[in-house]
Amino acid sequence: MRKTFKLIGRLLAGFVVVLLVAGVAFANLSPELGSKPTKEQRVAYAKSGHYEDGEFKNLVPTEMMTGGSTFSALWKFVFGKTPNANPARPLPTQPLTAASIEQKTPEIVRVTWFGHSASLVEIAGKNILLDPMLSVKMGPLPFLTPKRYNPQLAITAEELPPIDAVLISHDHYDHLDYQSILRLKDKTSNFYVPLGVGAHLLAWGVAPAKVHELDWGDSVKLPGLTIISTPARHFSGRGLTNRNSTSWSSWVMKSATKSVFYSGDGGYGPHFQTIGRQHGPFDLALMECGQYDAQWANIHMMPEQTVQAALDVQAKLLLPVHWGAFTEAHHAWNEPVQRASAEAARRNLPMTTPELGQPITLGQPLPQLAWWR
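Take the sequence shown: its letters are residues 1 to 373, numbered as in full-length UniProt numbering.
To be clear, the hints were calculated from the coordinates, so they are not data collected in a lab. Hints may contain errors.
Calculated lysine-lysine pairs in the BS3-like style (CA-CA distance at most 30 angstroms, straight line) [claimed, not checked]:
id, residue 1, residue 2
1, 104, 39
2, 137, 36
3, 104, 221
4, 47, 210
5, 210, 221
6, 185, 126
7, 104, 47
8, 36, 258
9, 57, 104
10, 185, 36
11, 137, 185
12, 39, 221
13, 316, 126
14, 147, 187
15, 81, 187
16, 185, 147
17, 39, 126
18, 187, 57
19, 187, 221
20, 47, 36
21, 210, 187
22, 36, 147
23, 185, 104
24, 221, 316
25, 36, 221
26, 39, 185
27, 187, 258
A quick note: this is a predicted structure, and the numbers were derived from the prediction, not measured.
Could you put the whole structure together from the sequences, leaning on the hints where they help?
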């Protein structure tokens with residue numbers, strides 16, 4: 001009997017693996033996969049100093065898996081159970097309108113977080129979207145990927161006013177969303193992306209004149225605003241065969257009077273102190289905080305590291321992101337912000353956690369309600 005149960009277990013496990021492989025193979029035929037940089041581009045990328053043998057590299061050695069294997073992590077993700085992994089009800093959301101966004105002066109610096117990392121930064125009179133993942137479902141295989149906690153967002157991509165710039169940190173599905181790009185491409189003036197990511201946008205019909213690839217240290221000037229690509233410690237890829245074929249970045253936004261930093265995704269590292277020395281201090285830092293695990297500790301920060309990284313870049317105010325929308329790791333949905341809040345208080349770092357869609361304006365009273373408890 002025991003042998004029979006073992007056989008059944010192996011057959012079921014094999015069936016699941018076959019389904020996963022078939023699903024991934026199907027996904028690789030989807031337009032959501034995007035495209036690859038050209039041969040000429042790959043030759044040019046070698047000049048960046050962090051591109052070798054067809055792959056982008058981090059500034060410091062970075063093992064992707066720091067415990068277990070990729071398969072064990074996938075198995076744990078699909079079949080593991082985590083208490084309070086998802087909220088019991090939709091998260092509180094404040095509806096946003098295009099009219100309210102357009103009511104501003106160039107002096108105002110206002111930030112609205114939509115959940116996960118998607119955020120709108122209004123600075124120097126410009127509308128800057130960060131990693132606009134504005135869909136309810138993720139990727140070409142939504143039955144295998146997490147669904148958004150809230151079926152309705154504070155504002156849809158269609159409802160947003162004209163966007164001056166979209167900044168993409170890397171090409172993972174929870175940051176570079178195919179459906180969102182399709183809905184934003186005609187109302188967005190410019191897309192600023194890491195090296196290689198432009199190929200995805202071009203494949204999706206974004207006008208070539210709108211697509212700008214920036215290497216770490218590159219900058220672009222808009223009227224009253226400078227945008228700078230800075231390092232991150234992460235990885236990239238949207239399919240089975242393109243791991244690290246595109247780069248990843250954090251971003252600096254500087255007006256005449258204010259500076260904002262966005263960490264993108266990534267593990268803790270010495271690059272944060274370098275960014276702080278070169279570009280800080282920052283009036284606000286939107287920092288990754290969530291979807292961490294001991295199995296991938298080098299490529300996603302623990303909440304306490306999020307606070308340390310904010311201090312490293314010389315942030316005056318921390319806004320934790322990369323939580324509040326999807327469950328992609330084995331921790332309670334609100335654990336990241338609970339731990340970050342405690343650590344920020346211990347380190348005397350001001351931190352704010354607005355509701356989804358609730359704008360915060362620098363220089364004005366900040367939301368202090370711990371709605372996530």
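These are the hints, each one checked on the structure:
no., hint, result
1, 104 / 39, "violated (44 angstroms)"
2, 137 / 36, "holds (24 angstroms)"
3, 104 / 221, "holds (21 angstroms)"
4, 47 / 210, "holds (23 angstroms)"
5, 210 / 221, "holds (14 angstroms)"
6, 185 / 126, "holds (17 angstroms)"
7, 104 / 47, "violated (41 angstroms)"
8, 36 / 258, "violated (36 angstroms)"
9, 57 / 104, "violated (40 angstroms)"
10, 185 / 36, "holds (19 angstroms)"
11, 137 / 185, "holds (19 angstroms)"
12, 39 / 221, "holds (29 angstroms)"
13, 316 / 126, "holds (22 angstroms)"
14, 147 / 187, "holds (26 angstroms)"
15, 81 / 187, "violated (41 angstroms)"
16, 185 / 147, "holds (24 angstroms)"
17, 39 / 126, "violated (35 angstroms)"
18, 187 / 57, "violated (33 angstroms)"
19, 187 / 221, "holds (20 angstroms)"
20, 47 / 36, "holds (18 angstroms)"
21, 210 / 187, "holds (11 angstroms)"
22, 36 / 147, "holds (27 angstroms)"
23, 185 / 104, "holds (23 angstroms)"
24, 221 / 316, "holds (24 angstroms)"
25, 36 / 221, "holds (27 angstroms)"
26, 39 / 185, "holds (26 angstroms)"
27, 187 / 258, "holds (26 angstroms)"
The structure is inconsistent with the numbered hints 1, 7, 8, 9, 15, 17 and 18, although it conforms to all the rest.
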